[in-house]
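Protein chains in written order, with the numbering used here: chain A, 1 to 352; chain B, 1 to 352.
If you are wondering where the hints come from, they were derived from the structure by calculation, not from laboratory data. Don't take every hint at face value.
Note that the list lumps identical chains together, so a pair holds whenever it fits in one copy or between two copies.
Stated by the list, open to error - 27 Å max Cα-Cα, derived DSSO-like pairs, lysine-lysine: (1) Lys241 / Lys345; (2) Lys258 / Lys141; (3) Lys255 / Lys317; (4) Lys106 / Lys263; (5) Lys141 / Lys195; (6) Lys255 / Lys345; (7) Lys141 / Lys289; (8) Lys241 / Lys255; (9) Lys275 / Lys138; (10) Lys234 / Lys345; (11) Lys248 / Lys345; (12) Lys345 / Lys127; (13) Lys241 / Lys178; (14) Lys138 / Lys241; (15) Lys258 / Lys329; (16) Lys345 / Lys275; (17) Lys105 / Lys258; (18) Lys121 / Lys345; (19) Lys296 / Lys139.
Number of protein chains: 2
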Amino acid sequence: MKTKSVRTTLRNTPRMIKLLFAEVHLYGRMHIKSHVLLSCFKLLPLHLCGGLRGCLLVKRQSTLAMYQAVERGSPNTTDYRIYFRNASGPISPLHDIPIFADASKKTYNMVVEIPRWTNAKMEINLKEVLNPIKQDVKKGKLRFVANCFPHHGYIWNYGAIPQTWENPEVLDESTGCKGDNDPIDILEIGFRVAKRGEVLQVKVLGTVALIDEGETDWKIIAIDVNDPLADELKDISDVEKHFPGLLKATVEWFKIYKIPDGKPENQFAFNGEAKSREFAHHVIDDVHKYWCSLIKKEAEAGGISCANVTNAESPFKIEQKDAEDIIAKSPQPGLPHPVESIVDKWHYIHLK
Amino acid sequence: MKTKSVRTTLRNTPRMIKLLFAEVHLYGRMHIKSHVLLSCFKLLPLHLCGGLRGCLLVKRQSTLAMYQAVERGSPNTTDYRIYFRNASGPISPLHDIPIFADASKKTYNMVVEIPRWTNAKMEINLKEVLNPIKQDVKKGKLRFVANCFPHHGYIWNYGAIPQTWENPEVLDESTGCKGDNDPIDILEIGFRVAKRGEVLQVKVLGTVALIDEGETDWKIIAIDVNDPLADELKDISDVEKHFPGLLKATVEWFKIYKIPDGKPENQFAFNGEAKSREFAHHVIDDVHKYWCSLIKKEAEAGGISCANVTNAESPFKIEQKDAEDIIAKSPQPGLPHPVESIVDKWHYIHLK
Chain A
1 MKTKSVRTTL RNTPRMIKLL FAEVHLYGRM HIKSHVLLSC FKLLPLHLCG GLRGCLLVKR
61 QSTLAMYQAV ERGSPNTTDY RIYFRNASGP ISPLHDIPIF ADASKKTYNM VVEIPRWTNA
121 KMEINLKEVL NPIKQDVKKG KLRFVANCFP HHGYIWNYGA IPQTWENPEV LDESTGCKGD
181 NDPIDILEIG FRVAKRGEVL QVKVLGTVAL IDEGETDWKI IAIDVNDPLA DELKDISDVE
241 KHFPGLLKAT VEWFKIYKIP DGKPENQFAF NGEAKSREFA HHVIDDVHKY WCSLIKKEAE
301 AGGISCANVT NAESPFKIEQ KDAEDIIAKS PQPGLPHPVE SIVDKWHYIH LK
Chain B
1 MKTKSVRTTL RNTPRMIKLL FAEVHLYGRM HIKSHVLLSC FKLLPLHLCG GLRGCLLVKR
61 QSTLAMYQAV ERGSPNTTDY RIYFRNASGP ISPLHDIPIF ADASKKTYNM VVEIPRWTNA
121 KMEINLKEVL NPIKQDVKKG KLRFVANCFP HHGYIWNYGA IPQTWENPEV LDESTGCKGD
181 NDPIDILEIG FRVAKRGEVL QVKVLGTVAL IDEGETDWKI IAIDVNDPLA DELKDISDVE
241 KHFPGLLKAT VEWFKIYKIP DGKPENQFAF NGEAKSREFA HHVIDDVHKY WCSLIKKEAE
301 AGGISCANVT NAESPFKIEQ KDAEDIIAKS PQPGLPHPVE SIVDKWHYIH LK
């Protein structure tokens, strides 16, 4: 369909807009369609349309990406989900995005759950089929992590490395605590604020070992391979050189972030000291092996949905058609619901 | 027009949407129209429409406010403006919003230029008729203030007290420096992130005296009278009690904020110590007197547009009709333009 004919059609009926929208997912699927849509918007009331334009730009930027995020339900509701697709169809971000972006260069994929400077606690859901990102719910309410002064939301792009699992049945040999039953967490420290659901390619620089309510919760520290500083950052010591104070703030951030919600201060293994790049690679290697056992049904899944579309050896592999059905049956995308302004409150927590 | 008839009309033609939009300014004018619009959106493609919903919610919240912000041009362009209206028509936010919200309680009006955690350098423009808010331009580029780690954008709701002027021809008796030729700046420290163009009623708690490139630039510290802590905060000493570290961070923020742009560290009078509530009231009283001279043409305006619609004694008073013309002739509202991701970069500046 040519832009001109779309214009003509739009003059006659708004139904065409609906149809166009229905075909294009957030982060888009086809470059041309985004163009067509942008042309359409020029025919629509131009003011007050910020969000629409924003979404379209995201799409256009991401058309070259290998993965697309598909928003379903309304943001700021318990229905909200982000599913993922590759060029062939729906995938699980946990099981079907490879751990390595480039194994020879030891660069990893990272699924962004929480962009820097935001505080909606979004995470890959382990229990739902295809493991969409959704907002955590505590006591029936959507969870927003407290802003602890001087920080605003998360101070890195926060997410997970796919095809990893911190096995809750295995004692971590270096921390002496069991795993937290999640994919391994990763903090991306580059200059750019990433998009929720974006898949970054990152270089691993080191790690810290948070002990969160008694469980080992590794936080891998990494930088986007496309960041201008990526080549200069070779190991954990370079982080302090280029980002002075960031590691100290990172440890403090995790120690206090649950205190406003009535939880005690979190602890760190190794006295909060960050471990090297090599150490981090070993940790990731371990949690990837646990995931391999999980996906082959060699480990007890304990409620984790292991449905996937790309792992030939997995007994949990499903057909693409069934994966399409799962997304089709999820709630229709909708307008964001309002958020209470209390989620922006700054809490003043000071450690002794 | 009833919601139902709008629904019916919308099914037939998108033109109605245009008309409805054209009637309603950002932050809205009539509660009912916002409702009608929200109903209309339910008929429109629901996904990807975040921004629209956001704008409408702002409108609905602000329908009880005495002042409305009117967006013109496209955000993130040099054309972008926010004009102001009261119940009678267009006004200047500098000259027509009274300094006092309630003179008997000594509460002031504050025009929000830069919401907390944002960094687009928006300010009341002194030279343009009706003094709309616009984004500052440096070397032909829209100005975004550098984010200096650990801070994200401005760390308070930032704006100006109307009907004040820091006279550049008068030596400030306490700082020994001349005024910076602007309305007096004010930092609102309540929990809520305000909206750009919102007019808050605030309680003044104290002040610091920034010396910015050699000019006196008072920063009044205040809290929204509707903040839950407003009653407990009586003077500047209560700020440290309830917001420990905020005053120190405030002084540091202003010292370093221009360093990433190649400027030297800023200085503070009184060794950076914050002055009391009473001191702040005297400072505001002085700068209000300078404004009184300005608006009566007793002081040299030096390029400042003093056009106003409410000051009976002012030779610069204009007719409402002429004020309407000014807004009508300004650029039509448009979609926000994209912003380069470099404006989100975190700069690591550490003072010795």
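For each hint, the structure was consulted:
no. : hint            : verdict
1   : Lys241 / Lys345 : between (32 Å within a copy, 17 Å between copies)
2   : Lys258 / Lys141 : within (16 Å within a copy, 41 Å between copies)
3   : Lys255 / Lys317 : neither (39 Å within a copy, 58 Å between copies)
4   : Lys106 / Lys263 : neither (37 Å within a copy, 41 Å between copies)
5   : Lys141 / Lys195 : both (24 Å within a copy, 25 Å between copies)
6   : Lys255 / Lys345 : both (19 Å within a copy, 25 Å between copies)
7   : Lys141 / Lys289 : neither (35 Å within a copy, 51 Å between copies)
8   : Lys241 / Lys255 : both (23 Å within a copy, 22 Å between copies)
9   : Lys275 / Lys138 : neither (32 Å within a copy, 43 Å between copies)
10  : Lys234 / Lys345 : between (37 Å within a copy, 20 Å between copies)
11  : Lys248 / Lys345 : both (23 Å within a copy, 19 Å between copies)
12  : Lys345 / Lys127 : neither (31 Å within a copy, 36 Å between copies)
13  : Lys241 / Lys178 : neither (33 Å within a copy, 40 Å between copies)
14  : Lys138 / Lys241 : neither (39 Å within a copy, 31 Å between copies)
15  : Lys258 / Lys329 : neither (35 Å within a copy, 52 Å between copies)
16  : Lys345 / Lys275 : between (33 Å within a copy, 26 Å between copies)
17  : Lys105 / Lys258 : neither (36 Å within a copy, 39 Å between copies)
18  : Lys121 / Lys345 : both (15 Å within a copy, 23 Å between copies)
19  : Lys296 / Lys139 : neither (34 Å within a copy, 60 Å between copies)
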